[in-house]
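Undergrad: Sequences and hints are given; from them, build the entire structure.
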Amino acid sequence: MNAYVVFGCARSGTTSLSKILDAATNGVCLSEPWPNLTRESRLMMEGRFDRPHQLLTETVVRRAAPYLDQRVIYGEKNNTFGPFIPVLHEYGIRLVYVHRDGRDVVRSLMNWHNEMFGSIYRECSDQGKLNQRAKAAVAALPLDDDHSDFSRPRPSENDPWFELWDQFTRLEMCSWYWSTINTLMLDHLERLPRDCWIPIDYTNPSAKAVGQAVEALGLTGLSSGTVKEMLDSRINSLEDRTGAGGSFPHWRDWSPADRARFDAIAAPMMRRLGYYPAEAFASDV
Amino acid sequence: MTFSRVLRQLLGHERRDQRLDRGVFELTKRGISPHVGKEFHPYVASESATQDDVRAHVEARLRTLKDAGLVNPFVLYDKLARTLVLDPSIELRPARRLRAPVKESCLAVTLRVDVIDDVFTAIRAARRFARFGIPATFLLRHTAAYWGAMRGRLFKRHCALGGWLWDLVVAGAELDLMVDPFPFYFEYGVDGSQAVQAELRWVRSAGVVIRGVGSLSRAGRWGADSMEIFRGFAGGNRFELLRDDVRVPLQTLDLATLAVEYDSAFVRPRGELAATPAPVDAPYIAPGHSTTLDAFLAQNPIYEFTTDHVAWLVGHDSWVYLSNTAGKHSVQWPVSFGMLEGILRAAERPGRAILIADSASISGGADV
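Going line by line, the protein sequences match chains A and B.
According to the numbering used here, numbering within the first sequence proceeds without interruption in unit steps and concludes at 317.
According to the numbering used here, numbering within the second sequence proceeds without interruption in unit steps and concludes at 1207.
One or more hints might be untrue.
Have a look at the derived ranges for each label pair, beta carbon to beta carbon [what the hints assert, rightly or not]:
1. B/Thr1164 with A/Ala289: 53 to 59 angstroms
2. A/Thr215 with B/Pro1173: 42 to 48 angstroms
3. B/Arg1184 with A/Pro309: 52 to 58 angstroms
4. A/Gln164 with B/Ala899: 47 to 53 angstroms
5. A/Ser279 with B/Ala907: 44 to 50 angstroms
Hints in this document: simulated from the structure, not taken from any laboratory.
Don't be surprised by glycine CBs; every beta carbon is placed ideally from N, CA and C.
TA: Set out below in structure tokens:
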């Protein structure tokens, strides 16, 4: 099947990459087409969903079919694909895995909460420093309509952080999310043949790295200049969406306590993805 | 005929004759409140710079409940969540969606947390529900200490109220206003329906969305249910309540005019106001509660419940359950949580159920 999916932890650059890939002349890349499997993704992670083949047939495959009939390469981006990676692979769908330094992701999630949506890990005991836009957004989004927050994983009873979750700060919750979702994705991917998936580090994305993915997917019409221009426009960043940067500090300016909190939860995955050298912590970097 | 002309005509005659009563009835039927026999002061509110120690107030009540052996451990929220989430034939809905059509194989369930006093446990519960993705409805009482208090003729809102409301909003709780107009009329001589309108306006002006209203249901005390201030919700379609020589208008507010989309009481007023049994208060958890559970849930003289199943937490692992299907009512008490799980599993599908708990009733630690 000449189709691919883009996925990663939220705020890792998946929307940016999908917009770039969508500019190809021989393919499309839809961004979070509906239904985007939010509920099923969480249930699957919790072992409460047993029809992944049927679900993907009725959603991704059905969406892809009309494009494939026209010999157009079909792509879609959904960050809910993590638990479905083995089934997507079974269907012959190529996998584009986007990852980004966890500290940048956590910072972006904090800004997304405080200045955009106000609804990231709604159970957190600190409501956050919400601006008017975030307040209006969260007030208009009762829990039953909030599919995004539902889709994020929560610690199971076997998780070492299960008992402490209620006391977690939002920074800790976001750190756990980044670590957990990347662990899930990478665990699945590393069981597959290496040529079936394309990893892209979006921490400081280069036109060259994106170009390699473009080539591997067989997409055409995307010059290095076009890619660079789109990368420079910082698609779906807070600046792109609101015209203003976020106020949550860059990780270099985090308090020692916040750095320690992040490391306690996310250091192993930071090492696994190569953002920390082996056995290093943020304080060493 | 204009209102002032009707009033002049009426005031020209004896005050309490039948004609006057008919006139009051006619006036109130049109939504005009003449307040015959007593003038009510207008409702005026402001925010307080100082605050009562609400936490101490709540803790005192919790101690009383705990000493009486009535409190449930907080972990009951987890048990509830697991029971409801793990049954694929149960569809959890907030109150605003409970009346929507239900699939053949489903039982639609609304969890309603009535925040009578304990706003702190309510916030904690809302966060717990958010963790499980459970949409629950929280009724906030505008006469509770956490909301504010009368100081002379002025209602002073608690200065921390806004923060508590936003804690609940961020946690994803559906917020409804628990209307409680009668203390204003009877205890302070203040227009209670104005109080309801003003607090609804104030909450919304803060950016908090409120689409529903519920009732404190203290008809045993006041002689009328709070919902009766809304048009179409008065038992026997009555338009006033006379008590202690105070004549209080009913049906003065209109849900649509207030942009209220639903009532989370899920009641229908009776066409005829029954003389017996006498109205009773809702079975909220309280030491020495005198409510006859059957009288409130099945024999309520003012209104009847419209959902197929109602379960109300009234004590330690003790629910009262109303089965309300096929035109038949039956009340069971005490019902343990295990029994309630069985009832929900066995309940006929499709159907609708509402589970109600005062936030304070599920506030304990592992020691209760």
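Undergrad: When the structure is checked against the list of hints, which entries are broken? Sort them ascending.
TA: 4
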